[in-house]
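Trainee: Put together the whole structure using the sequences plus the hints.
So the sequence lines, in the order shown, correspond to chains Y and H.
Mind the numbering: the first sequence is residues 1362 to 1537 in the working numbering, read in order.
Mind the numbering: the second sequence is residues 426 to 620 in the working numbering, read in order.
Please keep in mind that the hints were generated in silico from the structure rather than gathered at the bench.
25 angstroms max Cα-Cα, derived DSS-like pairs, lysine-lysine: (1) Y:1508 x H:544; (2) H:618 x H:548; (3) Y:1515 x H:548; (4) H:548 x Y:1509; (5) H:538 x Y:1509; (6) H:618 x Y:1509; (7) Y:1388 x H:484; (8) Y:1508 x H:619; (9) H:544 x Y:1515; (10) H:548 x Y:1508; (11) H:619 x Y:1515; (12) H:548 x H:619.
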Amino acid sequence: MQIMTTVSAFLLPCLIALILCIATLKKLPTYELFVEGGKEGIDMSFSLLPFLLGMIVAIRVLRSSGALDAFIHLLTPILTFLGIPPEIIPLAIIRPLSGTAALGMTAELTEQFGPDSFIGRLAATMQGSTDTTLYILTIYFGAVGVKKMRYALKVGLLADLAGIITSILIVKLIFT
Amino acid sequence: MVNLIWVAMFIIGIVYAAFHGTMEDVSEALFQSAEDALALSLSLMSVLIFWLGMMNIAKHANILTFLANVFRPLVVKLFPEIPPNHRAFGYILANMIANIFGLGSAATPMGLKAMQEMKTLQKSNVASRSMITFLALNTSGLTIIPTKVIAIRMKYDAVAATDIVITTIIATLVSTVCALMFDRLFHFYDTRKKG
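Mentor: Right, here's the structure in full:
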């Protein structure tokens, strides 16, 4: 699957080159626009900090106490039978509930197992491929005063499950 | 819900440590991990500044509006209850394009406007079919550039931080298609039940 890795490596730089060429052809002040937009990134990462810190500390407490390992150990027989790495379960549970919490967990898993391990890549794919169902439903329906969500939650959670299963399959297929 | 899980993580960890003699590890982890989190959000900042800067150029070069027009005919088909020239589509498309390029902060205001437009069509506090389809698209998180994830991988020295882009795209496509399928399925189930 070498070709897939090459495609991955080319995608981002090509996209950037394309944006810059089009903007230059349109005679836009590219550098100034870049700086202006970049400022938003500073605010965003500062507002992410407390979310990340809170969740990373909580996971580290759970892990260093040995409780997380005990929990994972308990699930290992069933999950290995299904071909699911047990270490990924906490992330899979928290992903639909809170995006920033899941981001913190992805960071933890990446640090613990290494970014190029199976778990590291799986965590990254799971984190990147779906969005926070509960948060989106709450914000969007709340903002327009919709009280009855009907089947929206079912659809969101089932799609998350499909995303998690696909992530496991696709990471196995491409990286192992 | 998240509040409960968060508190439970601390309590379970601390109580477990009390019975298994790992309390020293726990108190060390408390402070060490807070420091790690700060370092992590700094490395997130570098990627976010770069990417949001790039996207500001793309926005002013009208690349995002161009893409919205390309996708328009396809998206109109996904929402049969909204008249094809309704204003809601402008917001729906802007929201989708922003999500695809990892611009979460720009996607949300557009998405809320789209919801308001759909609300004017619905006129009650029950979710309409279009609203559910729209949110199904949002929750399945269609994206091609998972910026924050790439930042994390760079922070921990990945050989190729972007090598997960392709797996992410495939996974996000599958979950989006599934979301739309489940959405259709439940909709038809719902209408049949009502007679």
